[in-house]
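In order, the protein sequence lines correspond to chains H and B. Each residue of the first sequence is one higher than the one before, counting from 1 in the working numbering. Each residue of the second sequence is one higher than the one before, counting from 364 in the working numbering.
Everything labelled a hint here was simulated from the structure, so no lab data went into it. A virtual CB, placed ideally from N, CA and C, is assigned to each residue, including glycine. Treat the hints with caution; some may be incorrect.
Heads up, simulated SDA-like pairs for lysine to any residue below, C-alpha to C-alpha not over 25 angstroms straight-line [as the list claims (entries may be wrong)]:
| # | chain 1 | residue 1 | chain 2 | residue 2 |
| --- | --- | --- | --- | --- |
| 1 | H | K106 | B | L560 |
| 2 | H | K106 | B | K476 |
| 3 | B | K395 | B | T573 |
| 4 | H | K106 | B | L640 |
| 5 | H | K106 | B | T573 |
| 6 | B | K476 | H | L315 |
Just some of the chain B residues that point at chain H, by a computed CB distance under 7 angstroms [claimed, not checked]:
| # | residue |
| --- | --- |
| 7 | V461 |
| 8 | P521 |
| 9 | L523 |
| 10 | E524 |
| 11 | A562 |
| 12 | A564 |
| 13 | G567 |
| 14 | A568 |
| 15 | G569 |
| 16 | V571 |
| 17 | P580 |
| 18 | D628 |
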Amino acid sequence: MPARADFASDARVPLVAIEGVTKRFGSALALDDVSLEIGAGEFFCLVGPSGCGKSTLLRTLAGFEQPDEGRTLLDGRDIAGDPPERRPVNIMFQSYALFPHMSAAKNVAYGLARAGLPRAEIAARLRELFALVRLEGFEDRYPAQLSGGQRQRVALARALARRPRLLLLDEPLGALDRRLREATQIELKGIQSRLGTTFVMVTHDQGEAMALADRVAVLDRGRVLEVGPPSALYRRCRTRAVAEFLGDVNVLSGVVVARAGGRAQVRLGESGALVEAADPDGAGETGSNVEVAVRPEGLVPGDALGATVEVATDLGPNALVIARTAGGATLRALLPAPGAAGPPPPGTPVGFAVAPGAAWIVR
Amino acid sequence: MNRAAAASRVATMLPWAWLLVFVAAPLVVVAKISLSESAVAQPPYRPRWSWTLDPAAWQAFADGLGLDSYRALLADDLYWRSALASLAIASAATAILVLVGYPVALAMARAPKRLRPVLLAIVILPFWTSFLIRVYAWIAILRPAGLLDAALGLFGLPPLELLNSTPAVLIGIVYAYLPFMVLPIYAVLERRDPALLEAAADLGAGTVATFRTVTLPLSRPGLASGVLLCFVPIFGEFVIPDLLGGSDTLMLGRTLWSEFFGNRDWPLASAVAIVMLLALALPLAWLRESGLRRGDARR
C-alpha cells in the first residue's frame with residue numbers, strides 16, 4: 001500500500017484544526033470550547049476518564065455529531081456540512097460494528113464497493129489489506145467465526161480500505177485481553193508509521209496512550225486540560241489532574257524558597273527538606289505555597305522524607321513500596337529489586353529522597 | 364432415577380404431549396374422515412375402518428381403499444381453481460403487506476425511544492375489538508353509497524362500489540393482517556446495532572445503499588416471519604372473502620366451508636383440508652431446512 005504520497009499536503013496547514021468546538025446534549029456540556037490542531041501523519045491520542053467528551057470529539061470528526069459552536073477544518077476546509085459518507089475520514093468502532101451478514105472480505109470491501117471501484121482493483125486492495133493486518137486465509141469467514149483479535153483486525157482493515165486522510169479509532173484495543181493488547185499496540189504503531197496515515201485514537205488507558213501516541217490531549221469534563229508528547233506530559237505537566245490521570249504520582253506540598261532559571265527550591269511542608277523542582281512556566285513565586293509532583297520511580301532511598309512501610313510488593317524487576325509519613329501522607333515509591341531477602345515487611349522505617357530532575361511543580 | 368431428573372423429563376415431554384393432543388390427534392381424525400364414504404347419516408359419513416387390532420378388518424380396509432374423495436378433488440376443477448385463486452390472493456395480499464408493513468415497522472424502529480411503546484400500542488389496538496366487528500365495519504366503508512364512495516363523491520369522483528369484489532377482499536385482508544407483518548419486522552429492526560448504520564455511512568453508503576446492503580438483509584428473519592404469519596392463514600382465509608368478497612371470489616377456505624356445511628360432504632372437505640395442509644407445510648419445511656443449512660455458516 002503506498003504511503004502518504006497519495007496526497008500532497010500544505011505543510012503550514014495542520015491536517016485537522018478544531019476551533020472552539022462546543023457540543024451540548026440537552027443541558028449537559030459534552031465539549032466545552034475545544035481547540036486542537038493535529039498534524040499530518042501524527043498518531044494523536046485523546047485520553048481522559050469516561051464521560052470526558054473524548055468519544056464525542058471523535059464522533060464530531062467522523063460527522064456523526066454536529067458541533068453547536070466552533071469549526072472543524074480538514075486541510076483548511078470547514079467540513080461541518082459534510083455527511084459522514086463524504087468525508088475522507090474513517091472510523092474504527094469500539095464494538096468493531098462488523099456487518100454480521102457479510103464475510104470478512106465483504107466487510108473490508110464494503111467501502112471500496114460503495115466508491116464504485118472495479119472488481120479487479122477491489123480484489124488487489126483486499127489482498128494488500130489482508131496481508132497488512134496478517135489475516136490471509138480468513139477472507140471467507142463470517143465475523144461470528146472469528147476470534148476477538150481477528151475481528152479487531154478486520155475492523156482495522158475495513159477502516160483503512162478507503163485510504164482515509166484521517167483514521168479515527170475508538171478504544172480500538174479495549175475489547176482485547178492484556179497480552180493480545182500489548183502485541184496489537186506494537187502492530188498498530190507499525191501499520192500507522194508504514195502507511196503514514198494520521199491516526200486519532202480515543203482511549204481511557206493512559207499506558208496505551210504512552211505507548212502509541214506522538215502527542216496526547218488529556219480531556220476532562222469536555223475541556224482540553226493539556227496537550228503534548230506523552231513523555232513530556234508524564235514528567236512535566238502543568239496540572240495536578242493531568243499528573244494523576246497519566247499514572248501514579250506523589251503530590252507533596254511546600255513553599256518556594258528560591259528560584260533560578262526554570263527551577264525552584266521548595267521546602268517541603270512536612271519534613272522541612274529542600275527539594276529542587278522543575279517549574280517551566282514559573283508557577284511558583286518565591287514564598288508561595290506550591291504542590292510538587294514526583295512519580296514513584298522518582299523517589300530513591302535517602303533521608304529527605306521519613307516514612308513507615310505499609311505494603312511492599314515485589315514486582316520482579318522492581319518493588320513498589322507504599323509508605324506513610326508521620327504526617328499521614330501516603331508515598332508510593334518504585335525501588336530497585338529487593339533481592340532474595342524480599343521486600344521490606346510492613347512497619348519497617350524507610351527514608352526517601354527525590355532523584356535529580358524527578359520533581360516538578362503542578363497547579 | 365431421582366426425582367429432579369424425572370420432573371425435568373416430564374417437563375420436556377409436556378410440549379410433545381400438547382402437540383399430540385391438539386395438533387396430531389385432530390389431524391388423524393380429519394385424515395380418517397377423508398378416507399371414509401359420504402353417507403346420509405349423522406355424522407354424514409360411514410367409516411371404512413375403525414380403531415381395531417383385527418387384521419382382517421385392516422385387510423378389508425386396504426382392499427377397499429378407493430381414495431374416492433381425493434379422486435374427486437382431481438376430477439373437479441373447482442378445487443384447482445380455488446387453490447390457485449387462494450394462492451394468487453394470498454401472494455398479492457402478502458406482497459402488499461410487505462410494501463405497507465415494512466415502512467411502518469422501519470418508521471417505528473427509527474422513532475424516538477419514548478414514542479415507541481405508544482406506536483406499538485396503536486398497532487396492537489385493533490386486536491382489542493372483535494375481528495368480526497372490524498370486518499363488518501369494512502362493509503360499511505366499502506358498500507355502495509358507503510363511507511368510501513361518499514368521500515369520493517365529495518371530491519366529485521365516481522363511486523367505486525368495491526364491496527363484494529376481489530379488491531375488497533384484498534383491502535380487508537391487508538387491514539386485518541397488517542400487525543402480523545409489522546410486529547416481527549419491527550422486533551428485528553428495533554434490536555439492530557445503530558453502530559452498523561454509522562459504519563455504513565462512514566464507509567460511503569448513502570441512505571439508499573445503507574438500506575439495501577445493511578438494514579434489509581439484517582431484517583430478513585423478521586420479514587420471513589411476517590410473510591409466514593400472513594401468507595399461511597390468508598391462504599386458508601374464510602371470513603373475509605365470505606363477508607367482503609363477491610360470488611366470484613373463490614378461495615379454498617370458502618370452498619372447504621361449503622363442502623362441509625353446504626354439501627355436507629365431510630370426506631371431501633377433509634380431503635381438501637389435508638391437501639391444503641400438505642401444500643403449505645411441505646414447501647415451508649423445505650424452505651426452513653435449506654435456510655438453516657445456509658445460516659449454519661454464519662454461526
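> Would the hint on B/V571 stand, with a C-beta cut-off of 7 angstroms toward chain H?
Replying inline: Result: violated, 11 angstroms to nearest chain H Cβ.
> Quick one, are H/K106 and B/T573 close enough, alpha carbons at most 25 angstroms?
Replying inline: 14 angstroms, holds
> Holds or violated: H/K106 with B/L560, Cα cutoff 25 angstroms?
Replying inline: Cα-Cα ~16 angstroms, so holds.
> Taking the least C-beta to C-beta distance, is B/L523 closer than 7 angstroms to chain H?
Replying inline: 43 angstroms, violated
> Can the hint on B/A568 be confirmed by a CB-to-CB distance to chain H that is less than 7 angstroms?
Replying inline: Hint on B/A568: holds, closest Cβ of chain H at ~5 angstroms, below 7 angstroms.
> Taking the least C-beta to C-beta distance, is B/E524 closer than 7 angstroms to chain H?
Replying inline: Violated, about 47 angstroms.
> Between H/K106 and B/K476, is the straight-line Cα distance small enough, at 25 angstroms or below?
Replying inline: 32 angstroms, violated
>> Given the hinted pair B/K395 and B/T573, is their Cα-Cα distance within 25 angstroms?
In response: Measuring from Cα to Cα gives roughly 53 angstroms; hence the hint is violated.
>> Quick check on B/A562 please, does its C-beta sit within 7 angstroms of some C-beta on chain H?
In response: At 4 angstroms from the nearest chain H Cβ, B/A562 passes the 7 angstroms test, so the hint holds.
> Is H/K106 within 25 angstroms of B/L640, Cα to Cα?
Replying inline: 41 angstroms, violated
>> Take the shortest C-beta to C-beta distance between B/P580 and chain H; is it under 7 angstroms?
In response: The hint holds - B/P580 has a Cβ within 7 angstroms of chain H, the shortest such distance being about 5 angstroms.
>> Restraint: B/D628 near chain H, CB-CB cut 7 angstroms. Satisfied or not?
In response: 50 angstroms, violated
Going down the numbered hints, you'll see the structure goes against 2, 3, 4, 6, 7, 8, 9, 10, 16 and 18, while the others check out.
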